Amino acid sequence: MNPSVSSQSKPRFDQAIAAKVFHWINIVSLSIMLTSGLQIYNANPVFGGREGWHIPPIGLLGGWLAGGRHWHFAGMWFFSLNLLWYGVYVLISRRWRHRYVGKNDLNALQVGKNPKRRIYAWHRLAYTAIIPILLLALFTGIGMYKPAQFPWIVDCFGDWFALRVVHFLTVPAVILFAIAHSWLALRAGGDRLVNSMFWD
Amino acid sequence: MTHTPDEQELLTRQRFLRLLAWSGGSVMFGSIGLTLAEGLAGRAFEPLNQRVEELLQNSQKLVPEFPISEIEPEALLVNSFRFTPELDPTTFRLTIDGDVNQPLSLDLKTIYAMPQTSMVIRHVCVEGWAAIVQWGGIQMRELARLAQLKPGVRYVYFWSADGYYGSWDLASALHPQTVLAYQKNGESLPIENGAPLRLASPIKLGYKLSKWVTRVTFTSELMPRKGYWEDLGYEWFAGL
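Residue numbers (this note's numbering), protein chains in the order written: chain A, 3 to 202; chain B, 795 to 1034.
Quick caveat, the hints were computed from the structure, so don't treat them as lab data.
Predicted, not measured: the structure shown is a model, and the values here were computed from it.
Treat each hint with caution, since some may be false.
Claimed, not checked - Here are the simulated BS3-like cross-link-like pairs (lysine-lysine), alpha carbons at most 25 Å apart as the crow flies: (1) B:K855 <-> A:K148; (2) B:K1020 <-> A:K148; (3) A:K105 <-> A:K118; (4) A:K118 <-> A:K22; (5) B:K1020 <-> B:K944; (6) A:K115 <-> A:K105.
Okay, chain B solo, but in the shape it has when bound (with noise of 0.2 Å):
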């Protein structure tokens, strides 16, 4: 059979528009069979994903820092799960707890006399948004050292004033860029923001670096509850 060169023409063209059906029929079914399966995707790669994530995060190595020229003030949005909690800072106390020999209870004035770290890093947002911000603050191996970790200690769960908590692999804890910060851009934390002290650092998401905390928990093993957002599905590693 031969076929004249229109003919040949409005074949090809019948066949594509039947291939192009065929292909967007089946995105949109299996999107939709897929999205039911969502857990199943996590389940089954999270915990590869997680292991090479803990191989390319040498615990000690520091993640460059920018100028301070590079700060983007307006670049950090305010993302809180419920409500802003008030502080009052003569009263706080960080508390800090759990597989420690030196259980301990700081006020902010002892906290702001401790050596101060200052960064400038890329917050990174889990929503695709990223802002370029000065920390300032204590680092958090400081802290350990202070508490002396009891041998066995895997884990850090970080409870904040408002309800949220998180918990962390230890060696991502002791990063020397993790750091519970005090200060915002050359100013005193904003209260939106987490004051008193919040979690900072360049090595994980921004829904690990947990506002107003509170209280500070070494531990060896996690609990059933890990993290608000992380209990709720998303992954619990989230390095950068």
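This is chain A alone, in the form it adopts within the complex (with noise of 0.2 Å):
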């Protein structure tokens, strides 16, 4: 619907299709591996080892370690497939071009007056912010999962135990994003923007 048509109707998001489908399957693979990631944490916390300071079971995934890798290793699949096509889709529809933080947004932060537009740009650059640390969470996880396989990425981070914390701290990270980015796009489009990446 074209906005100008009347002074009453509201402008329309519409999302496309590929859009929609990837922030779904995101969602739902990212919580899986948030939940299940965090028992796998458990049974031996990054900081303090056994006596270090565990994550309260209520919300984890799995229900013990066996549990927990099981379900990481599922997710893993749509977690990083999702990641993988949709990157491709954004690459030859050019999408990258129009739909991610750009100069004009960056100088909207600097100098921009107009408040709407500087929410506007705060939610691409959040949004194009958590690309690379999903690719990280990834880039991580595959050297821990096999350090035999690559052992050049566990030697990218210096030793295991950077591997870990690096790998841990893209939890902290994405629960961050989630929330700056529901609050952001929340005052950018209100529901109607919300509304129109899930089910509009």
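With the hints in hand, could you dock these two chains into one complex?
Here is the structure:
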């Protein structure tokens, strides 16, 4: 619908079906990766080992280490292949040219006076910045899953402990992102923008 | 309907909280529901994962080793499932049987006299920790050569003095860095680490690396009992 048709009508946000599918699979598979990953973490906390601080078991997935691993290594296929096909789609559809943060957004953040434009720029910055974090989670995860096959991944981070820390840090990064992303989306486009990405 | 900026702010906050509560609740209830279906994820995806692990693992390719200076003597934790068995080294025998033309019963003197393989590798525990360790011992493939496997052998069982048991795919067992070790970090293998003989390898998780191994059985079929932790629900292949 054309927003200029009447002053009463509100602009519609039309999301590409591919973007919706990606968003759904990503949100579900990422939740599985996070909750099963924290279950695995609890077998030997990254910080402090067995005597270290454990994650409260509520909301963890798998029940015990073996169950957490089963979910983690099932969820990884959905999470990683979803990221892969969407990456290819973004490249060939040239979506990357206008859907992600660009010079104009950075400009708006630095010198812009229009508060709506600034929120919009922040929103684009946030969902662009999460992409390298998701890739980092995948990269460090492959290094921990198959260190004998990909020893160079472990070497990239110095040693095993550093690799574990980086893999773990993607968890708070993703949670903070999800909160900021929801907040900014609501500020930028209200319920209509949020709904457009899920079901409208 | 138009809102003043303050109302707009309030509305956004309400919606935001609603969204947070909704996502938090979904994760909570979802995880409880899916935890009940724990075996499902494993049954559905472990065959695929195992296939990929086998493809990734070139059975002859050596895993890069570490310099002696990188050994982490304190990092190797002791995990055992029941007790620490005391084995008399003078009467100890390693039995090799199953589908072999030449069953063996070897005493430690004979084993120590065989060509020793030493490696400094990363030992990775399923719990998430890892330690760089030097292991010295005899290659499994040397034992397999002596025992002369019959055609059709696909698996190897390792039986331990404490009742622990596990099984491996033959390719992993014959990997040049899969060793029955009697030496750790340059010294005799301590009893709590599995003396007189334990498995060591960079290509399998720690729970596949049985301690106090007394018997090795080559076989063409897996038995219903595949391994202590595996029978409880852990992955069988457990490759690294």
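Quick one, are K105 of chain A and K118 of chain A close enough, alpha carbons at most 25 Å?
17 Å, holds
Checklist entry - Going straight from one Cα to the other, do K115 of chain A and K105 of chain A come out at no more than 25 Å? => result Status holds; Cα separation ~16 Å.
Exercise. Quick one, are K855 of chain B and K148 of chain A close enough, alpha carbons at most 25 Å?
Worked result: 14 Å, holds
Pair hint outcome, K118 of chain A versus K22 of chain A [Cα-Cα no greater than 25 Å]:
Status holds; Cα separation ~24 Å.
Quiz item: Quick one, are K1020 of chain B and K148 of chain A close enough, alpha carbons at most 25 Å?
Solution: Holds, at roughly 22 Å.
Margin query: Holds or violated: K1020 of chain B and K944 of chain B, Cα atoms, limit 25 Å.
Written below: Given that 25 Å is the threshold and the Cα spacing comes to 21 Å, the pair holds.
The structure fails none of the hints (numbered hints given earlier).
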